[in-house]
Amino acid sequence: MSLEDAVPYLIVLAKCVFAVAFVMNIVPLLIWAERKGSAYIQDRPGPNRADILGIRAGGLVHTLVDVVKLIMKEDILPSHVNWFYWFIAPVIAMSVALSTFVVVPFGDTFLGVDLRVSAMDGGLLYVLAMTSLGVYGIMLAGWASNNKFSLLGGLRASSQMVSYELAMGLSAAVIFLGAGSVSLQEIVGQQAGGLWNWNVVSVPGFIAFVLFWTAAFAETNRTPFDLPEGEAELVAGYHTEYSSLRFALFFMAEYANMIVAASVTTTLFFGGYNVGIPGLDGVGIRAHADLLVAGAGFLAVPAFLFFAFVAWKRQSRPFYKALAADDIRHREPKFFMALWVGAAVAHAGLGVVGLLGLPSQLAIGDMVIGPDLVAFVVQLTAFSLKVLFGCWFFIWVRWTIVRFRYDQLMNLGWKRMLPLALANLFLAAIWVIIKESYLT
Amino acid sequence: MALPVPSRKLNVSESMYLWEVVKGLALTMSHIVKNILDPDHFRTVEYPELRKPMAARYRGAHRLMVRPDGKVKCVACMCCPTVCPAKCITIIAGEDPNDPAEKFPVEFDIDMLRCIYCGFCVEACPKDAIRMDTRIYEINAFTRQDMVHNKSYMVNLMDGAKPRAEGVYRANHAQAPDGYTFDEKPIL
Chain A
1 MSLEDAVPYL IVLAKCVFAV AFVMNIVPLL IWAERKGSAY IQDRPGPNRA
51 DILGIRAGGL VHTLVDVVKL IMKEDILPSH VNWFYWFIAP VIAMSVALST
101 FVVVPFGDTF LGVDLRVSAM DGGLLYVLAM TSLGVYGIML AGWASNNKFS
151 LLGGLRASSQ MVSYELAMGL SAAVIFLGAG SVSLQEIVGQ QAGGLWNWNV
201 VSVPGFIAFV LFWTAAFAET NRTPFDLPEG EAELVAGYHT EYSSLRFALF
251 FMAEYANMIV AASVTTTLFF GGYNVGIPGL DGVGIRAHAD LLVAGAGFLA
301 VPAFLFFAFV AWKRQSRPFY KALAADDIRH REPKFFMALW VGAAVAHAGL
351 GVVGLLGLPS QLAIGDMVIG PDLVAFVVQL TAFSLKVLFG CWFFIWVRWT
401 IVRFRYDQLM NLGWKRMLPL ALANLFLAAI WVIIKESYLT
Chain B
1 MALPVPSRKL NVSESMYLWE VVKGLALTMS HIVKNILDPD HFRTVEYPEL
51 RKPMAARYRG AHRLMVRPDG KVKCVACMCC PTVCPAKCIT IIAGEDPNDP
101 AEKFPVEFDI DMLRCIYCGF CVEACPKDAI RMDTRIYEIN AFTRQDMVHN
151 KSYMVNLMDG AKPRAEGVYR ANHAQAPDGY TFDEKPIL
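Line order of the protein sequences matches chains A and B.
FYI, this note's numbering numbers position 170 of the first sequence as 170, with every residue one higher than the one before it.
FYI, this note's numbering numbers position 126 of the second sequence as 126, with every residue one higher than the one before it.
Certain hints may be false.
[As the list claims (entries may be wrong)] Straight-line distance between alpha carbons at most 30 Å, and here's what the computed DSSO-like set of lysine-lysine pairs gives:
id	chain 1	residue 1	chain 2	residue 2
1	B	73	B	87
2	B	23	A	415
3	B	23	A	334
4	B	127	B	151
5	B	151	B	52
6	B	87	B	23
7	A	321	B	52
8	A	313	B	52
9	B	151	B	73
10	A	321	A	334
11	B	23	B	9
12	B	127	B	71
13	B	34	B	52
14	A	334	B	34
15	B	9	A	415
16	A	313	A	334
17	B	34	A	313
18	B	103	B	71
19	A	321	B	34
20	B	103	B	151
21	B	103	B	127
22	B	103	B	73
23	B	151	B	71
24	B	52	B	71
[Stated by the list, open to error] Sample of chain B residues facing chain A (criterion: CB under 7 Å; computed from the structure):
id	residue
25	28
26	40
27	46
28	72
[Claimed, not checked] Here chain A is said to cover these stretches of chain B; the calculated rule only asks that three of the stretch's residues, wherever they fall, bring their Cβ under 8 Å from a Cβ of chain A:
id	region
29	14 to 24
30	29 to 39
To be clear, the hints were calculated from the coordinates, so they are not data collected in a lab.
Glycine included, C-beta positions come from ideal geometry on N, C-alpha and C.
Can you build the whole structure from these sequences, using the hints too?
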């Protein structure tokens, strides 16, 4: 097999690596946001102790320390578990969470390569199928742990998943009723050309979004629907018996599920990778690549200078004044000042490069990759920002709303959301008929 | 038989949940914004770098007072071990050959592991020989034996016999206590 034949496989491999890296790199960031965000909501300073050479980075280092801790801990296999299912449960939870991401488009094309791992046409159906599989990890963990609390957690997870999947599927049906396709790339493509083209900007679309998003909380087992974990009633629910890296897998799977849920919601309702500004769709970005690079470069400069100013101002905090003269933590404000000033200089340089018109001419040999690279970066940034906001919303809600009681959860799912989703589907069907018959 | 829990029927907007959720989110976000803008107003004190100023009446580790000539004020009258509810004070009295009129403590030990910091010893002392005004609360050691504070330790407590303790004192006081001076070099 020559190198030419291997290229398609290498492309698929590269996209797989990218998708996994995308999810796995956001996970530590989310754990940090969860800790610091909850602390700030509750008027606490939050994690701020662990440091690397005096750089504490607002508690980001704690996440790294946590990983080391979880790896070094003893991996306990309780004697009473069904070991086979007990072993594969965290693997299922994690792998299902990661594999859902493969159909989500994170850009249109790069040098003719479709920017999603799998270019399947039934993308939305695949997402619904995989999210349903996600409950197996939790259910198996609860059952195989051979422990009444874990079993209750697993039971709750499965019944909750069944209840909310209906509302979720019916809300997603609203989208593919309007789009006429279940391919996520096509659904995103139809939302190009401005904010008002996003699916969320319509009456049935908005109701569908609210229902879908609420159901996503139940699917990812996040508060207010985190009854499977329910630490007040069930110790830790389905992962009570797990320790060390197996617990970490469940922990990461929860965050990976959040990222996937946010990605799917972004794709269905918020225009996916579209920037939301008219003229800046796939063609527009490539045509204005130089201008975009110059604008982004120069606009970022004041932001970074502001960050540097904040770092400079932090030097006079009472905390730094109380430190001994030779404490290494005195480096921290200086480090961040240097970092942000350096970033400002780098972005000013990027702006100059854009003004000179270099990005659109960037090429490897005869292959001009500049415009495509700019489009990729811009679209990936838009997509990531939307996903990160979605993930932050999960965290924000967790520290705002208390857990539902189990009967309230079931009432909400069956008596409120399901009828509403059905009515909304009916409304959406009428909407589509009106749009196709009279508005076009 | 379960007790009835008083509850109110939700009105229409409350039973929709959504508007209530938005109100809650606005409340939590207002806390986040406030705390990001001003990271120094938390009630949490970043111990050990920053410390809470202790109240004037705070009862910390004991110290023994001395007279201007350098002898301890204590006359070994045994009031404090008598009143001590934890029975943590041990005094061995002796006579000063140069001044046979007065007793003095040959040994004065306080077992800090037993002490309950009630301050009765300070109240009982007729000579103002024992005080708990050091505001030292970091009383720790690696062995049980080291937790027994002896006479010389308690006399020199403010003189830098235990540097960390003096650091605590300096953190809470602008000036050295009567009859003492701080070292030039800051320790904390």
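Each hint, compared with the structure:
1. With a CA separation close to 21 Å, the supplied pair residue 73(B) and residue 87(B) stays within the 30 Å bound.
2. Distance hint between residue 23(B) and residue 415(A) is fulfilled; the C-alpha atoms sit about 24 Å from each other, no more than 30 Å.
3. With a CA separation close to 40 Å, the supplied pair residue 23(B) and residue 334(A) exceeds the 30 Å bound.
4. For the given pair, residue 127(B) sits about 16 Å from residue 151(B) by alpha-carbon distance, which is consistent with the 30 Å threshold.
5. Between residue 151(B) and residue 52(B) the CA atoms are separated by roughly 29 Å; this keeps the pair inside 30 Å, and the hint holds.
6. This hinted pair does not check out: residue 87(B) and residue 23(B) have alpha carbons roughly 58 Å apart, beyond 30 Å.
7. Distance hint between residue 321(A) and residue 52(B) is fulfilled; the C-alpha atoms sit about 15 Å from each other, no more than 30 Å.
8. About 23 Å separates the Cα atoms of residue 313(A) and residue 52(B), which keeps this hinted pair within 30 Å; it holds.
9. Our distance criterion of 30 Å between C-alpha atoms is met by residue 151(B) and residue 73(B), whose separation comes to about 12 Å.
10. Simply put, residue 321(A) and residue 334(A) have alpha-carbon atoms about 14 Å apart, close enough for the 30 Å limit, and the pair holds.
11. Between the alpha carbons of residue 23(B) and residue 9(B) the distance comes to roughly 19 Å, so the proposed pair stays at or under 30 Å and holds.
12. Of the pairs offered as hints, the one joining residue 127(B) and residue 71(B) holds, with about 13 Å between alpha carbons and a cut-off of 30 Å not exceeded.
13. Proposed proximity of residue 34(B) and residue 52(B) is supported: the alpha carbons are some 22 Å apart, at most 30 Å.
14. Of the pairs offered as hints, the one joining residue 334(A) and residue 34(B) holds, with about 25 Å between alpha carbons and a cut-off of 30 Å not exceeded.
15. Between the alpha carbons of residue 9(B) and residue 415(A) the distance comes to roughly 18 Å, so the proposed pair stays at or under 30 Å and holds.
16. Note on residue 313(A) and residue 334(A): the hinted pairing holds, with a Cα-Cα distance of about 11 Å set against a maximum of 30 Å.
17. Restraint check for residue 34(B) and residue 313(A): the C-alpha separation of about 17 Å stays at or below 30 Å, so the hint holds.
18. For a cut-off of 30 Å, the pair hint linking residue 103(B) to residue 71(B) stands: about 12 Å separates their Cα positions.
19. Between residue 321(A) and residue 34(B) the CA atoms are separated by roughly 23 Å; this keeps the pair inside 30 Å, and the hint holds.
20. For the given pair, residue 103(B) sits about 15 Å from residue 151(B) by alpha-carbon distance, which is consistent with the 30 Å threshold.
21. Between residue 103(B) and residue 127(B) the CA atoms are separated by roughly 13 Å; this keeps the pair inside 30 Å, and the hint holds.
22. For the given pair, residue 103(B) sits about 10 Å from residue 73(B) by alpha-carbon distance, which is consistent with the 30 Å threshold.
23. Simply put, residue 151(B) and residue 71(B) have alpha-carbon atoms about 11 Å apart, close enough for the 30 Å limit, and the pair holds.
24. Proximity of residue 52(B) to residue 71(B) is assessed by CA-CA distance (about 34 Å); at most 30 Å being required, the pair is judged violated.
25. Checking residue 28(B) against chain A: minimum C-beta separation of about 5 Å stays under 7 Å; hint holds.
26. The interface hint given for residue 40(B) is met, as the beta carbon of that residue sits about 6 Å from the closest beta carbon of chain A, less than 7 Å.
27. Among the interface hints, the one on residue 46(B) holds; its C-beta lies about 5 Å from the nearest C-beta in chain A, closer than the 7 Å criterion.
28. Given hint, residue 72(B) at the interface with chain A, is violated; its Cβ is 34 Å from that chain's nearest Cβ, farther than 7 Å.
29. A stretch counts as covered by a chain when three or more of its residues have a beta carbon under 8 Å from one of that chain; for the region 14 to 24 of chain B and chain A the count is 4, and the coverage holds.
30. Residues of the region 29 to 39 of chain B lying with their CB closer than 8 Å to a CB of chain A number 6, which satisfies the three-residue condition for coverage.
The structure shown violates the earlier hints numbered 3, 6, 24 and 28.
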